[in-house]
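*Asks:* What follows is the residue order along each chain.
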Amino acid sequence: MITDYRQKILKSLAFVFLLLMLIAISSAGIFGAFQQNVPASGNQFTTAANFPFDPGNVPSDPVEAQEYYYSYNRLGLESIVGSQSITVQNGATVTGNIGTNGTVTTTGGTTVCGPLRNGTGNPNQTPNCPEQSAAQGQISLPDVVLPSDIATNNSNSRLSGADPVPNNVWQRGNITWNPTTRSLRVNYSSLTLLGTAPYFLCRLEVSGVLNINTVAPASIFLDSPENCPGVGTDQLVVNQGGQINHNDAIPGFYLKGSATTNTSINLSGGIQVNGAVIYAPRSNATISSGYYYNGAIVAKSLLVSGGGTVTNTLNLNNYLLPIN
Amino acid sequence: MNKSKQNLFIKVFISLAVLIGLGAGIYGAFQASVSSTGNQFASGTLTLDGGNGNGVAISPVYLKTNAVPGDTGATATSCPSLQNTGSVNVANGDFRVYAGALTGTPDSDLTDEITVTIQRGTGTAADCSDFVSTATIYSGTLTDFQTNVNSWASAIDTGIGLNAAAAQRFRVSTELSASAPNTVQGKQSGTQAINWEVRS
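Those protein sequence lines, which keep their order, are chains A and B.
Just so we're aligned, residue 1 is where the first sequence starts under the numbering used here, counting upward by one.
Just so we're aligned, residue 1 is where the second sequence starts under the numbering used here, counting upward by one.
Read the hints as simulated data drawn from the structure, not as lab findings.
Just to be clear, a hint being listed does not mean it is correct.
Claimed, not checked - Chain A stretches covered by chain B per the calculated footprint, using a threshold of three residues with CB under 8 Å from any CB of chain B:
#1 39-45
#2 81-92
Claimed, not checked - Not the full set, but computed from the structure, chain A residues with beta-carbon under 7 Å of chain B:
#3 Ala33
#4 Phe34
#5 Gln35
#6 Ser71
#7 Asn73
No residue lacks a Cβ here, since even glycine has one placed at the ideal position from N, Cα and C.
When you get a sec, could you build the whole thing from the sequences and use the hints?
*Replies:* Rendered as structure tokens:
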């Protein structure tokens, strides 16, 4: 009996002890450790909308490199481009950095030299010069962007009265400028373009000699066909021994083109283009029948046919284009 | 009264008797005592000061807007000094740094291109002009820092303890890769807090 009570007393003491421990623990809060932190707040990084062009940052992959140049409105590596197709035929020689999203078709004893990009999944046409590289890939050509004020801020007024031949001379018509249709024809004689503002035309035909003498690259914009009724879609024509020369900066010819109407470039018949950049992503270009073209030509399709040479001996990688 | 009720009554009675006994000291009739005096328990303090007061946020250690490839996020306060202003020594392993609160939506393409380096070192200038590194405790992308180093449990161990009154300077370096692609133009990393924390 006494033992029984002792056990009960011990159990009761244990109960009280636990009770006191719980009270002590809950009042002291020893479940937590001491701690403190100091935040450095407001740290952030935002990038510029446009990184500056960095030659050291040009990707090594040729497709990525070209896209990098275009993203900085520069002509880049590829200077002979037919985005849909390139056809070289009948003794033509094409040397330069060549690019297409389609195929390069060659027939009739042609020479194609230079790094060559075929469209992804297309037959891998290789240059027929030794030790030239070929790659595959797709590159979208950026559209031409007209300067926002070009309708009013241009050099077209310089063309009025440009014909040096008096009215009473039968050769009248050497240089024809129609300010209404914005059509300029240089026929037989020569015309020197000056001025810092761009020219804003619908059609340019050069059968004589077009000299371009500006320190900064002259810009000749050819408006979309929708804005050029009555002048046809052959917007840039050099024919009948016509020449385009420059004295200082290399001129640029930019065809706005159209999403619905085909526009074209025709360079044919013993012509010479001695330094130019033609950028026409919505136009079809034909160079044929005796020609020497030195510079860049970028078009939707490119046909080079007959004896002659299309080449690029100029350093045009960083040539600035009016593109987006 | 059955037996269980009897037991409960006895337990309650004895418990009350003990509690009363503790307060009143009724056990002894004759007594003698020797006192141990001066017994007490006082808690220490554990506080950390980055220069603005205990636990108060400090200025950004990286901040860069309109960044282009190769830019750093260096600020005039990229090298904070953290001081133990409490009375308790912090043991090695209990002084850590990690990504804290994040606001905004980081662009992972951008944060993949930003490297974060945290170094422990010496120096007196918050702008790091005289900072000399003694150890690199973290180096990785901002993406990794934000996603994998964002709690005390996953924090970076500074590799040192911090005794009371001691201070330690750090440098936080950030850089947008020089080869960052155009796809990260016009992006943002989110606004990220970086916490230095001590525990006992």
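*Asks:* Does the structure break any of the earlier hints, and which numbers would those be?
*Replies:* Hints 2 and 7 are the ones this structure does not satisfy, whereas the remaining hints hold.
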